[in-house]
Amino acid sequence: MTQSGRRKAFSRFVEILCGAAVLLALVPLFFVFFYVVQQGFSSLNWDFFTKMPKPVGETGGGMANAILGTLYLIAIAGALAIPVGLIAGVYLSEYPRTRLATATRFTADVLNGIPSIVIGIFAYSLVVMPVKHFSALAGGVALGFMMIPIIARTAEELLNLVPGTLREGALALGATRSRAAFSVMLPAALPGIMTGILVALARISGETAPLLFTAFNNRFFTMRLDQPIASLTVQVYTYAISPYDDWHRQAWAGALVLVTVVFVFSVLARVVTRRLERMHRT
Amino acid sequence: MTETVVSETERERPPMLRVGAAPPEPKTASSLEFTSAIRMESRRLRFFYGSNQALHDISIRIPEKSVTAFIGPSGCGKSTFLRCLNRMNDIIADIRVEGDVLLDGKDIYGPGVDIVSLRRRVGMVFQKSNPFPKSIFDNVAYGLKINGLCPTAEMPERVEKALRGSALWDEVKDRLHASALGLSGGQQQRLCIARALAVEPEVVLMDEPASALDPIATQKIEELIYELKRDYTIVIVTHNMQQAARVSEYTAFFMLGRLVEHDRTDKIFTNPGQKITEDYITGRFG
Chain A
30 MTQSGRRKAF
40 SRFVEILCGA
50 AVLLALVPLF
60 FVFFYVVQQG
70 FSSLNWDFFT
80 KMPKPVGETG
90 GGMANAILGT
100 LYLIAIAGAL
110 AIPVGLIAGV
120 YLSEYPRTRL
130 ATATRFTADV
140 LNGIPSIVIG
150 IFAYSLVVMP
160 VKHFSALAGG
170 VALGFMMIPI
180 IARTAEELLN
190 LVPGTLREGA
200 LALGATRSRA
210 AFSVMLPAAL
220 PGIMTGILVA
230 LARISGETAP
240 LLFTAFNNRF
250 FTMRLDQPIA
260 SLTVQVYTYA
270 ISPYDDWHRQ
280 AWAGALVLVT
290 VVFVFSVLAR
300 VVTRRLERMH
310 RT
Chain B
404 MTETVVSETE
414 RERPPMLRVG
424 AAPPEPKTAS
434 SLEFTSAIRM
444 ESRRLRFFYG
454 SNQALHDISI
464 RIPEKSVTAF
474 IGPSGCGKST
484 FLRCLNRMND
494 IIADIRVEGD
504 VLLDGKDIYG
514 PGVDIVSLRR
524 RVGMVFQKSN
534 PFPKSIFDNV
544 AYGLKINGLC
554 PTAEMPERVE
564 KALRGSALWD
574 EVKDRLHASA
584 LGLSGGQQQR
594 LCIARALAVE
604 PEVVLMDEPA
614 SALDPIATQK
624 IEELIYELKR
634 DYTIVIVTHN
644 MQQAARVSEY
654 TAFFMLGRLV
664 EHDRTDKIFT
674 NPGQKITEDY
684 ITGRFG
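Line order of the protein sequences matches chains A and B.
The first sequence begins at 30 in my numbering and counts up by one.
The second sequence begins at 404 in my numbering and counts up by one.
Derived by calculation from the structure, the hints in this document are not laboratory data.
Check the hints yourself; a few may be wrong.
Unchecked claim - Computed footprint of chain A on chain B, listed as stretches where at least three residues anywhere in the stretch have a Cβ under 8 Å from a Cβ of chain A:
id	stretch
1	447–455
2	491–497
3	527–533
Computed from a predicted structure; not experimentally measured.
For every residue, glycine included, the Cβ atom is placed at its ideal position computed from N, Cα and C.
Build out the structure end to end from the sequences listed, making use of the hints.
Structure representation (structure tokens):
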């Protein structure tokens, strides 16, 4: 074989290798998705979205309380974590070399890698222990702690991409440092930061472990912050390990809804980013 | 034969290019008389980046309602000095300023100076246009809003005045609420000038405002500067000698962190007091 023939053959080989790796990565995803849809879709019906769980032994009923509960928990987590994460991100980007910034960055990265069950224990001792009962607030706090590092680090990185000349422009007009950061730098970085927020929301909406002993579970509908609340993930877990066929079917349906929620957040992240970017361009 | 030519070229080289040569003592013409009152003045200003001294004893007076141009080779300290005039260097870590800069007779580095109100009085236009990613209207209104300078009801009027002042009004009046990033480079720079003018500063500092623009956009900016000096005191840093000659009344030549010569522009360009100034403006180096 000629020299160039060998090189072409090797190039072809590497191409095939890359293709195979991609397939290998996609196959499990495809199977999970396919199986969840296949199993879950047949159990999905209107009742699932509108009805409350039935007592043990009775068939039928739905997960209305858990669906709303999950959305409620995500809202609590977002309300706590988005402001904290954004402000921390602004600090990290405006004063990158202070000791506090270095410590914060390190802590955020460690927090990001901590197993979610540990976050749950932390929220348990912080919110559940003092009042001696599980609550929606505790669940929201646990999920919020998982969001903060993601949002803070995304915000920092995207703020660093905004040209420093914009900050100078604002300062030259008599803006204070914080005014420049929040009225010029942050809006300029917002499209990217929105993606970070939505990715963080997608990530926490599928979490079970932090909720097990914070939000716990609830067979009834509640919107009270100080009461245990149902969530799709915990409900799916509870139903999946139960001995009842009907509950198994409902767990599949719950899993499908959960996957859809995560999927919607991901799509939303792309759409919102593109929208905001286009708005800035023209 | 060839060798002779080379050595002649050597001899003709300006002395400043030799490594280690000390620049001449600053020579501000004592005969330099200003036709208007002095608006800003620096006295023996020294500036340090860490332990590296970037400016050596700069003393200069800037008369109001006129254009003063700073020229000099890259790295000579002219931009650094310009940024000392509105304390824009303050945001850089590890810098030190010694000496005084007076605005209307008061030291802007003195204790108790409100840096925010200083920057409102001494506006700045940057080398690269830096419109905020907001609408054209919001860009111009920004300085007014953050300084609480005008009630919301009067905002459109003030924005229009500033845009007319920077000769941009006719081009943007139909799309005030479109994003500023959709404007051309020259329009963006005039928008930045409008934004600076909106807060009605006393002095406008311009750091190579036309260096990134094509000749036509540059001409518009220069015409604008010529108009603006009726109401404002303007200090402009430029690499373009013709531009300095066209727009300014006074020119200061900087070299290696020192002010070499400061005089009327026509004097500097026709009969400079220093050999080194002549070498620079005739293009012998730089």
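Structure versus earlier hints - violations, ascending order: Result: hint 1 breaks, nothing else.
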